[in-house]
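Q: Residue numbers (the numbering used here), protein chains in the order written: chain A, 1 to 771; chain B, 772 to 1052; chain C, 1053 to 1212.
Quick caveat, the hints were computed from the structure, so don't treat them as lab data. Possibly wrong hints are sitting among the right ones.
Calculated pairs, DSSO-like style, for lysine-lysine (alpha carbon to alpha carbon, straight line, at most 27 Å) [to be verified]: (1) B/K967 with B/K1005; (2) A/K456 with A/K712; (3) A/K61 with C/K1075; (4) B/K1018 with A/K689; (5) C/K1075 with B/K791; (6) B/K810 with A/K689; (7) C/K1202 with A/K125; (8) A/K708 with A/K449; (9) A/K61 with B/K773; (10) C/K1077 with B/K773.
Spelled out, the chains give:
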Amino acid sequence: MKKNFTVVNKSVKKIDSLSLATGKPMFVADFKPADALIVKMLWSPHAHARITSIDTSEADKMPGVHIILHHGNVPRIAHTTAGQGFPEPSPYDTFMFDNKVRHVGDRVAAVAAETAEQAIEALKKIKVTYEVLPAVLSIEEALKPGAPVIHDEPEAHIPIPVPYEPARNLAARVAMDVGDLEAGLREADVAMDHEYYTDYAQHCPIEPHVSMAHLAADGRVIITTSTQVPFHVRRIVAQTLDIPVRKIRVIKPRIGGGFGVKQEVLLEDVVALMAMRTGRPVFWKYTREEEFVSSRTRHPEKMRVRTGVKKDGTITAVGLDCITNTGAYGSHALTVVCNSGSKILPLYRTPNIHFVGESCYTNLPVGGAYRGYGATQSSFAIDCQMDEMAEAIGMDSLEFRRKNAIRTGETSPVFRALGEGKAGVEQSIGSCELDKCIKLGAKEIGWKKRGRWQDKKGRFRRGIGMAALMQGSSIPEIDMGAASLKINDDGSFNLLMGATDLGTGSDTVLAQIAAETLGCDMDKIIVYSSDTDMTPFDVGAYASSTTYLSGMAVKNVAEKVARQMIEVASAMMECPGKEIKLADNKAVSADGRSVTFSEIALRALYGTDQFQIGAVSSRISHKSPPPFSAHFTEVEVDTLTGRVRVLRYVAAVDCGTAINPKLAEGQTEGGVLNGISYALTEKYLFSPKGKMLNAGFQHYKIYSMRDKPVIKTILVPSYEKTGPYGAKSVSEICINGPLPAIANAIYNAVGVRLRTSPFTAENVLKAMQAN
Amino acid sequence: MKLSGYHRPTTLDEAKRILKELGPSGLPMAGATSHSFLKGDEEKVAVDLAWMGYDRIDHGPDSFTIGANTRIADLQSYHAPGWVLDRVALRFVSQPIRNMTTIGGNIARVFPWNDFPVALLALGAVMTITGQDVQTHTADVYFKGQPARLYEPGDLLVEIKVPAVKSGCGFAYHKENVVNMDFSLLTLAAWIRLDKRTVADIRIAAGAGVPLPCRLPGLENALAGVAISTDAIKQAIASTLDSVKWKGGDGFSDDYIRALAQAHLEDVIIDAWQMAKGGAT
Amino acid sequence: MSNIMTIQLTLNGRKQSVTVDVKTKLIDILRQLGCYSVKMGCSEGACGSCAVNLNGRVVNSCLTYAVQADGGIVDTVESVGSLDNPHPIQAALVEEGAVQCGYCMPGMIMAAKALFDINPTPTDEEMAIHLDGQLCRCTGYEKIQTALRKVAAAGKGGVA
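Here chain A stands alone, though its shape is the one from the complex:
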């Protein structure tokens, strides 16, 4: 176990940060050619309708209009927009354009014109007639026998062998049982059975979705796009347009935030086809309203939790029945609900586990990948119920978690039972400092002073709550990441990776891993990532995989390159390779002689037996080591108005070795604040006909600096042997804490258990009045 790092575990500057802070052109829109056509989409005004006719004859003649696409003039190929590995564990239920619309904000027709204004004017001239169909606007309605069928098209299918029943609006189903839930509940001293519900939310990247396409001289289509999954974009666009993958190049420049919503192919097919048909560069950027209505959201989820506990704190059974609302399309439907089980059920030890995850179609906005990915929803349900069980048996809920949480060396049957679209992968926990996270976090928040809600008086009451969390690091036996590395004359290196930095700093973290392995300075690593023509494959930035999985690919490739350098240095210094160490930009022999990396490069490139020092390497993961975290918060509840203020928030996190501590803290703090506003203020409001009413930052409420509480991150190191220099993931876990921690803190303040999010002031007040 290496602990004396030179580059890793240091808060080196994020390599692109100064360029970003000085405003250099680095984002998709900054590269828009002056002659680009601008796309505007006609969106469905109906939640559910059949398009009986589209007449574009007048719109075609409008000034500046070059092309109009609709279901009558594009390939009809069922696919999924979910940017997942192939074959995707999401149903093929989406067409580029269809003769049916399934939610308000579904695609109807797209116009490309010389200017945005011209495109908007042309949209007004497209004549569409609809046969409006009864709409399904809730989980309950969707699953009622005889409910309107949202996907009645014959093509709808899922390309892997899993349950899929569109005829009854069921987009996904997964189940597992270990032991006997009922027996476990009977054995318990206290058994509980509660329902929880979490609502819609949007990722709100400050840069909305944006894509553009142009044709290269050889006729290939070049797509520059704000995506987390460039390689999946290439594959899915090829499939959707029925063209070979080789005809497409996808480039991801800097992107302005993703959080999962850009793990989706939403604009690229349109700009690509328009560029191919017009020969002109084509540019499309979502408005903020479109980002809310026509991109992706967090799946709303209804959860029933049945648990049993003995007086000594032993958990006798945990049953979790989840149903998500995937909206009009089944993007990530199966895997999100599956993660509701797989990413939380292993956390607390119990012999009897039951899990059913289902996902249903509705005529509402579409669910997708969102940081936390199902675990955000179920962490709320499970951790609130743990809190309640501890209270019921008179045990401090912190001690209850410490007693029952999984530890190093232990395993859970859930790991093997639940995979993503197939069985999971058995693993035992190699690194876990959850207990230390709990202890340090408790100390920081002042857990012991929290008191009982029964003893609290006055209008404003404070409470402290906590949550224990786990996530994963990559999808085992499915995800693959690759990198290539070569040396340059001056001893610098080009590191080319498929890995996709969506603002998280993965380019920096991966460069640190390369520099650590090679023994060079950070500024010697020139990173280029996420270009399907130039870089090796990577599944992309999702499932908390980049540091762990792509990091191992980078470490591997750097080790390969290091061996080649040592060979050359060995010839130069005439000493055995095994006596040579690489450090400080030099190869140093046992007797203290050295040659610089530049000298090695020059010898290899221009000297004798010339060759390119370089390699390519790829990795898959055989396990998904969970990061662990304990979150604590202190809130104040106004008992007259129900308003909840988060006063302080503490997140103690075990992400293995933090490759870049400040960036790991930044991941945590960003996720936590997003989680806090998800818990308290973010909410989709719908009209009775399924139209979102608050699609803008004026009415969909996210936090500014003026709203935030103090967030304190405590990094608690562990060492994950299978990860690069001991690292696990950090990006997703942090968003899962606020819902349960705040709910538990509200209970500690005023004695009400909130089981429906968000905890708006009105919901809290109502709950107190009902108490």
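Position chains B and C against the provided structure of chain A, taking the given hints into account.
A: Same frame as chain A, now just chains B and C:
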């Protein structure tokens, strides 16, 4: 709204003349932050008022005279004895918007969620409109309905006169919203003059949570002449709360806004009382 | 009355003359003039990624008409420090790891600069009030605050 022309008068007279000539197609531009939200295809010609002055705050013996083109940010950074609009300004949207929006723009067209009308109603401000001749309107008259009813083409709001909050008087302002930047769910303002412990004069106003910003005469009457105490305030609120039809929005029900009003009316009156007593401001 | 006007701007220290349609927003002119740091995030004055400083005050260029800036001094982050010589605000943000996706950064920096130019030692509260129009979804603002506190402590915020 589609902007099809732009004028930039440098004097009040020029502005009035251009607006009069344009008639209904003229659109006074007073910061213009709301122009992007005006719907419809109507063509409008902007008359930018930012270049004609009227953007100062003058401190008189008992009052402040605010030019209609004064930016909210200038109200925020202004400090003088008896000046309280800085607190109102501080709760107004966000700094970039405070830098762009003018007080005249904010009160020329009244929205339910408006901030300043509530404070101006409680303070007893007076608005001066110049056109053919000069009209002055108390806040009560001015905000009785949409101020547009008071304006003929060519008429312009030029000044707002706000009484200083003097010793023995108190003012408080509460805005309840979900995050700092967003629209108000309920805005309340109270001004109070005490004679020893008796309420000699009181004005209470509400905005958001009601159809348009307004005074709460029932509550004022219930408190006028009363020896002030927390209990008296609670009682007055309880007995008059339902004389107002409280209105929800943004996902909050009417009932909830009523509960919010009950809690925060007490807060705002107590805060004004404390200030009048010479306590916390 | 024409809907086309020629306006004069002092953009990042350079006098420029631009002919605009009166309905054009300042952001569109600035990007047309090569100031790509000015980002469109919401077009409704709510996210602040289009923020620029007009006569020393931070404004949303997506709500400002170009004609309103006529004769004005417009500064974007292109004029605030460089790769070789970053402004103390930029240096601190980079040092503290406050730049994640970076999309909000130009607006955030302009808003911070407008504050530090008039108040080199703002308190936490003054910073929060002054930056309340700048949304960031990546950082939770924690590292941004840390960085700006450092600039305030050094009292050099106004010095380029």
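Q: State for each hint whether it applies.
A: Status of each hint after checking the structure:
1. The suggested pairing of B/K967 with B/K1005 holds, with an alpha-carbon distance near 20 Å, which does not exceed 27 Å.
2. Of the pairs offered as hints, the one joining A/K456 and A/K712 holds, with about 26 Å between alpha carbons and a cut-off of 27 Å not exceeded.
3. The suggested pairing of A/K61 with C/K1075 holds, with an alpha-carbon distance near 25 Å, which does not exceed 27 Å.
4. With a C-alpha separation of about 22 Å, the suggested pairing of B/K1018 with A/K689 holds against the 27 Å cut-off.
5. Simply put, C/K1075 and B/K791 have alpha-carbon atoms about 22 Å apart, close enough for the 27 Å limit, and the pair holds.
6. Restraint check for B/K810 and A/K689: satisfied, since their Cα atoms lie roughly 22 Å apart, inside the 27 Å limit.
7. With a C-alpha separation of about 56 Å, the suggested pair C/K1202 and A/K125 falls outside the 27 Å cut-off, and the hint is violated.
8. Annotation: proposed proximity of A/K708 to A/K449 holds, straight-line Cα distance about 23 Å (limit 27 Å).
9. For the suggested pair A/K61 and B/K773, the alpha carbons sit about 23 Å apart, so the restraint of at most 27 Å is met.
10. Distance check on the hinted pair: C/K1077 and B/K773 sit about 12 Å apart at the alpha-carbon level, within 27 Å; holds.
In the structure shown, a violation is registered for the earlier hint numbered 7 alone.
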